[in-house]
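Chemist: Following the hints, complete the assembly by docking chains B and C onto the known chain A.
Line by line, the protein sequences give chains A, B and C.
Position in the first sequence (from 1) plus 383 gives the number in my numbering.
Position in the second sequence (from 1) plus 5 gives the number in my numbering.
Position in the third sequence (from 1) plus 218 gives the number in my numbering.
Check before you lean on any hint, since a few could be wrong.
[Claimed, not checked] Going by beta-carbon spacing under 8 Å, a handful of chain C positions derived as facing chain A: (1) G476; (2) D580; (3) A581; (4) I690; (5) R695; (6) V696.
[Unchecked claim] Reference excerpt, derived from the structure (chain B facing chain C, CB under 8 Å, subset only): (7) I68; (8) Q105; (9) S109; (10) S151; (11) E152; (12) R207.
[Unchecked claim] Cross-link-like lysine to aspartate or glutamate pairs, in silico, EDC-like; alpha carbons within 20 Å at most: (13) K168(B) x D158(B); (14) K583(A) x D566(A); (15) K425(A) x E414(A); (16) K663(A) x E758(A); (17) K558(C) x D297(B); (18) K585(C) x E65(B); (19) K115(B) x E277(B); (20) K585(C) x D284(B); (21) K604(A) x D405(A); (22) K585(C) x D55(B); (23) K504(A) x D477(A); (24) K115(B) x D274(B); (25) K168(B) x D343(B); (26) K425(A) x D603(A); (27) K51(B) x D572(C); (28) K168(B) x D195(B); (29) K115(B) x E290(B); (30) K51(B) x D580(C); (31) K115(B) x D307(B); (32) K51(B) x D63(B); (33) K168(B) x D572(C); (34) K558(C) x E48(B); (35) K51(B) x D284(B); (36) K51(B) x D307(B).
In short, the hints are calculated from the structure, not lab data.
Idealized CB from N, CA, C, for every residue including glycine.
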Amino acid sequence: MAAAAALSAADTVQAQDLRLNDVYKSYGNYEAVRGISIDVPKGSMVSLIGPSGCGKTTTLRMIAGLEPLSSGSITVGSKLLSDATGAVPPERRDMGMVFQSYALWPHMSVADNVGYGLKRKGLNATDIERRVSDVLAMVGMVDHVGRYPSQLSGGQQQRVALARAVASRPQILLFDEPLSNLDAVLREQMRFEIRDLQQKLGITSVYVTHSQEEALALSDKIVVMSKGLVVQSGTPAEIYERPKTAFVAGFIGLTNTLTLNRLLSDDQMAVGSFGAHRVKASGAAMNGETQQFLVSVRPSEITLSAASASPTAGMNRLVGTIQTVVFTGGIVDYFIACDGPGQTTLRVQTTPPARFEPGAQVALEFDPARTVVLEDQVNGKSQ
Amino acid sequence: MPKPGRVSMKLTRTVTALACIFAAAPAFAQEGPLQIYSAYPDEHMKALVDGFAEQYPDVEVQISVQPGEQLISTVELELRAGRPQADVIGLNQASIASLQAAHSAFAAYKPAGLEGVRTEVLDESGTSVPACVNLYLIQYNTNAISEADAPTDWAGLLDPRWKDQLALADPASSQSVHSFLWFITEHLADEGDDYGWGYFERLAENAPRLERSHGTIRDMTASGERPIAVQLLANGQTSANRGDPTSLVWPSEGSPGEISSFAMFEQSDNQEAAQAWLDYIVSPEAQAIMPDALGCAPVRNDVDYTFPDGTAVSDVTIVPVDADFIANEREAQVEAFDQAFGR
Amino acid sequence: MMSAEAAATVDRASTGKMQRSGSSGWSLTAAGLSVVCLVIFIGAPVAAIFLSSVYQDGWTLEAYRDFLSSPRLLTATWNSLLVAIGIAVLSVVIGAPLAFGVARTNMQLKRIVRATMILALISPEFLLAMGYILMAGPNAGYANVALRAVFGMQSTAGPIDIFSLWGLVLTALPNGVAFVFLALTPALANMDPALEEAARLKGASALEAIRDVTLPLMRPALLAGALLAFATSLAMYGPPEMLGIDVLTVSIRNALLGLDFASASVAAVVLVLLSGIALGGQRLMLRNEDRYRTLGGKAFAPRRIDLGWATPLLTALAVFYVLIAFVLPYGTMIAVSLMKSIGNGFNIANLTLDNYRVVLSDASIRKAALLSVSLAASAATIVVAIGVIVSYVILRTRFAGRSALDYLSILPLAVPGTAIAFALIVIYLNWPGNLTGIYGTPTILLVAYLARFIPIGVRNGQTALLQISPEIEESSRVFGATEFQTLMRITLPLIMPVVIYTWLLVFILAIPELSASIILRGFSTQTISTSLLSVWNGNGGLAVACAYGVCIFVSVSLLFLIAALVGRRSALMRGFTIG
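This is chain A alone, in the form it adopts within the complex (with noise of 0.2 Å):
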């Protein structure tokens, strides 16, 4: 990734932003996406993200001309790419792509790969040769460029396939779970990379993945998706730190929800009963008929004391027993049956050493501002 430093401003793009607007795509009866407008201001990532069959994919498929829509449009810049009549067949929307299983085309060397887009684009031979070469530096693979396909490593095949998406400068990078089929440490390692190289060429981007690290570690904007609607969009930070229902805050990190009685609200700030604990959390103004909401606390906002040890002021207090423990190196989890209504277990990660052993009473505490009123109606279950 060295040679990612020789790029010259020539090799950045005039960004453009792309616009999808009420997009709906039906296969017969199955309504894959039912209606999403997404936003990518230009030169911007954004992650699309969602469990399996949440229409991501396909939001992405017809992003690239792969599939048409069924009603909407998707525009880029002032130019109209797709609605429901007809659409820009892929070779003419300029784009890049990076597949989940590389599409890699078997029968070409690295080179051939790689210089493919540019000899369509009608470059000659020596200005595809130079730019090949570039853009296999910029992913460290310019020793492999006669290599083929077969001959390469997974994380190689990534960045041939990474290398081949930017090569002709394309004026929007899609990625369709492109991590999934690598190892941990390599995965992490190539986030990296992408975030680095999308950066530098300043190319508007659209992820997809269903993996809540990758989204928060490399998108400026991060849309969940689910059952083909868009749940809640944002940056990282806004998702992780207020998500508005109980799925996007599972799906983005770990989570713990409680259900409260409601005692009053405002516009601000909520405070419910969980058995003979108040519980203060902030958040959006509820419905006045509201008798129970939820509330949900990242594991590792709760600290532990002794059950014993006085409350600290300001703080939401609950009581339990440890049940588990869990050492995973970094971290250590507790799994807690708390006093209150039902069976609820919370989790609680705090950094090593563990302090408590199972049976032990502790003591809870969480910061009202850390603790989110969701918007999920409750249904009598409660995790």
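Modeler: For chains B and C alone, coordinates are given in the frame of chain A:
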């Protein structure tokens, strides 16, 4: 997925290119050579073609051989489609007559050489030109049957000891064998109980094998699979040339003579060459080689001929067949035959 | 969430390059081409068969009444069915143990059995018939003479009569056995041996485990193979013709010889319906195969079973099969091909190479060979092209009705060559087909071959395309290639091994095509098979025919060897598909 090597890609291109060249090949034009449909085998036609080439070195001759019955239907279909694919056809006189009756497909032509031809074999209408007389006789395998045991007449085939040993061409699919049917059921009809349709009813009891072609029967006789058969002279000739362990019997009742003939198509775009072929067929030169060529007896009076076993033509009773009867009564004859054989 | 206001600022003028959903110029062309080709080469002939059976100078069912009142045609139908059933049943009886033996036991001669199976499939059916007729003619067949001598029989005929229904069954049996064998071996090799082991642990013996576990699991493959054997037996023409046995294909030919189009069409309809039912059943079996599939992408090392006393029995069956299906018939042919006179036996004085000299020097044989090779090459090329295009439309586009293309493309599997030839006569003898002027020319043979072999092209094309992940092609689109460029630069190079293999397979199968060629034969359309049959039927004789047959067999086998070497690169060889 396997990576296809460059070699295989080059191979592909070569194969594709070759295929394209081949693809163009079947579209060759149809003009120039004299094209002859023949019911007579290639090996028989060869001597005639060679002799013709000596007299007409500029004419290229192409032969396409099909068994008689199949050739008739091929030509009928081609006539229905618009035009025949050949200039001349070589077939027995009766078949040519029936084709002519149905389609008027042939052009009448009387070569000068016909003057030397025996009148009883001539086609009055001039549609077909007689080439030679092909006789029916009995062929038997000498390994399986001694000369003393061999039958001496057609009636001898009715002997029960020939059960499962006989072969005969199937009248449903052979045109020639209708000459034999005519001979037994019409010509000899008044000669007693051994003849007429009663002959075939009794022959059926010997379960002769009915084959489509006389050539197949010849090989079955030679191999011993069906050691005794009703056969055409031409095939006996082939057996003799090849050294098969077979011998011929000249039945005492006489032999029906089928007239092997040629005729030219009206629509031929090679009329001159076609006429040259017909001229050649009745020329003394062609008639002289006829026994070696079509394997049968010449039709000219002025050509001497001795059968392969030394029998002279004058020693054999040759009965010219009634071509009109055979052409007109074909279906009725097949039906009567089927009845006699219980099919 | 963002607002929809962006849409208002869209510059409609710059959207001129937009295309209608899912239909680029190329895929439209491909779909159009597919429809036109399949309708002309397949739809029209099949329609012609059915129409001509109910339309003769007006709509009528008279042809069917005549059929039902004709003892000869009813006998032919009955014979066809008996022979096909006999072949299917015996094929399973012989093919299943051999398949099991080769796939799962330690029996001997496995490679030889496999090779014999493949040779039986690729070599023309009439070659074996020739060998059997020489071997098992009741009076002078070499096998009969030998058997009579060995067992001291007094009779002068038998014990085997090849000119019978059983004889016909025997003649076509190697082909049927091969179908069952090739349907079963992959299924057996892929079976999880743990399923049998579980039965063994419950106390079953090796043979009981096979009976209770293996056989039920193999039932779909077994039935599929048997039905395929049934259908191909219905379609065969050469052997019954040579043995002189009335079956439906021979009836079609006889009816056409008498220009009786009505009987020919009804015989063809009956034949097509019978084959259609069998092949429909076969497809159903294979569709349900998923339910029985024991393979989940895992590779099992097929475990060999020691059957104890049964192993030598299997080996003996293998020896018997190889002798009957290969060594004896072809050995007989080679022996006869070296004889001066077939009547004088195999001895020095009667030996000659003349028959081979005749075959190799005869002008009309050379012409026939050249025509067969060029027709086969043209047919293979067009079949492969149509196969790729139609498969592409079926698997890679979204046109409505592409599944109809799928069914149309495999329809000819149920239409025997004699029936196709009949249909082509009807089409190209009447308006408007007669305007093409192709009747009687080599082109009409090409049309017949296309109809017969398009199913192989389309099936192999689909298998090949299914091996290629769509992402491989999509990435090419994203990187600037049009759909057509993608096909040429990405898809075609990747499926090239399958394309070459399919080309060779069609080439090999088309060279000895008999059943359509003989009916459509005209002046300059004598092919290898029709000229061989003509030589066999007297235009040359049995010995020359044997020499000719040996030459054909050697050439076809060599070609297949090449195809197999090419095919080894692709996974297709395992699912060896054949029309």
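Chemist: Against this structure, judge whether each hint is valid.
Modeler: Going down the list of hints, with the structure as the test:
1. Using the Cβ-Cβ criterion of 8 Å, the hint placing G476(C) at the interface with chain A is not satisfied: the shortest such distance is roughly 54 Å.
2. Evaluation of the D580(C) hint against chain A yields a violated restraint, the C-beta minimum of about 46 Å exceeding 8 Å.
3. The interface hint given for A581(C) is broken, as the beta carbon of that residue sits about 46 Å from the closest beta carbon of chain A, more than 8 Å.
4. The beta carbon of I690(C) is positioned within 8 Å of a beta carbon in chain A (closest approach about 5 Å), and the interface hint is therefore held.
5. Residue-level restraint check for R695(C) holds (minimum Cβ-Cβ distance to chain A is 4 Å; threshold 8 Å).
6. The restraint placing V696(C) at the interface with chain A holds, with a minimum CB-CB distance near 4 Å, inside the 8 Å limit.
7. With a cut of 8 Å, the hint placing I68(B) at the interface with chain C holds, because the nearest CB-to-CB distance is about 7 Å.
8. For Q105(B), the interface hint is violated, the least distance from its beta-carbon to any beta-carbon of chain C being 16 Å, above 8 Å.
9. A least Cβ separation of about 17 Å between S109(B) and chain C goes past the 8 Å threshold, and the interface hint is therefore violated.
10. Residue-level restraint check for S151(B) is violated (minimum Cβ-Cβ distance to chain C is 15 Å; threshold 8 Å).
11. Here the hint on E152(B) is broken, as its CB sits about 16 Å from the closest CB of chain C, past 8 Å.
12. Using the Cβ-Cβ criterion of 8 Å, the hint placing R207(B) at the interface with chain C is not satisfied: the shortest such distance is roughly 20 Å.
13. Using a Cα cut-off of 20 Å, the hinted pair K168(B) and D158(B) holds, with the two alpha carbons roughly 17 Å apart.
14. Restraint check: the Cα-Cα separation between K583(A) and D566(A) comes to about 26 Å, which exceeds 20 Å; the hinted pair is violated.
15. Restraint check for K425(A) and E414(A): the C-alpha separation of about 29 Å exceeds 20 Å, so the hint is violated.
16. Under the criterion of a C-alpha separation no larger than 20 Å, the hint pairing K663(A) with E758(A) is consistent with the structure, at around 16 Å.
17. Only pairs whose Cα atoms come within 20 Å are accepted, and K558(C) paired with D297(B) is accepted, the gap being roughly 19 Å.
18. The straight-line distance between the Cα atoms of K585(C) and E65(B) is roughly 15 Å, inside the 20 Å bound, and the hint therefore holds.
19. Between K115(B) and E277(B) the alpha-carbon distance is near 13 Å, which keeps this suggested pair within the 20 Å criterion.
20. Restraint check for K585(C) and D284(B): the C-alpha separation of about 28 Å exceeds 20 Å, so the hint is violated.
21. About 19 Å separates the Cα atoms of K604(A) and D405(A), which keeps this hinted pair within 20 Å; it holds.
22. Only pairs whose Cα atoms come within 20 Å are accepted, and K585(C) paired with D55(B) is accepted, the gap being roughly 18 Å.
23. At most 20 Å may separate the alpha-carbon atoms for a hinted pair to count; K504(A) and D477(A) meet this at roughly 10 Å.
24. Taking the CA atoms of K115(B) and D274(B), the gap is about 19 Å. The hint holds against a cut of 20 Å.
25. For the proposed pair K168(B) and D343(B), the alpha carbon gap of about 19 Å is at most 20 Å, so the pair holds.
26. Between K425(A) and D603(A) the alpha-carbon distance is near 11 Å, which keeps this suggested pair within the 20 Å criterion.
27. Between the alpha carbons of K51(B) and D572(C) the distance comes to roughly 17 Å, so the proposed pair stays at or under 20 Å and holds.
28. Under the criterion of a C-alpha separation no larger than 20 Å, the hint pairing K168(B) with D195(B) is inconsistent with the structure, at around 26 Å.
29. Only pairs whose Cα atoms come within 20 Å are accepted, and K115(B) paired with E290(B) is accepted, the gap being roughly 18 Å.
30. This hinted pair checks out: K51(B) and D580(C) have alpha carbons roughly 10 Å apart, not beyond 20 Å.
31. Between K115(B) and D307(B) the alpha-carbon distance is near 19 Å, which keeps this suggested pair within the 20 Å criterion.
32. Restraint check for K51(B) and D63(B): satisfied, since their Cα atoms lie roughly 17 Å apart, inside the 20 Å limit.
33. For the proposed pair K168(B) and D572(C), the alpha carbon gap of about 35 Å is over 20 Å, so the pair is violated.
34. At roughly 16 Å between alpha-carbon atoms, K558(C) and E48(B) fall within 20 Å of each other, so this suggested pair holds.
35. Among the hinted pairs, K51(B) with D284(B) is consistent with the structure: their alpha-carbon atoms are about 17 Å apart, no more than 20 Å.
36. Proposed proximity of K51(B) and D307(B) is contradicted: the alpha carbons are some 23 Å apart, above 20 Å.
In the structure shown, a violation is registered for the earlier hints numbered 1, 2, 3, 8, 9, 10, 11, 12, 14, 15, 20, 28, 33 and 36, in ascending order.
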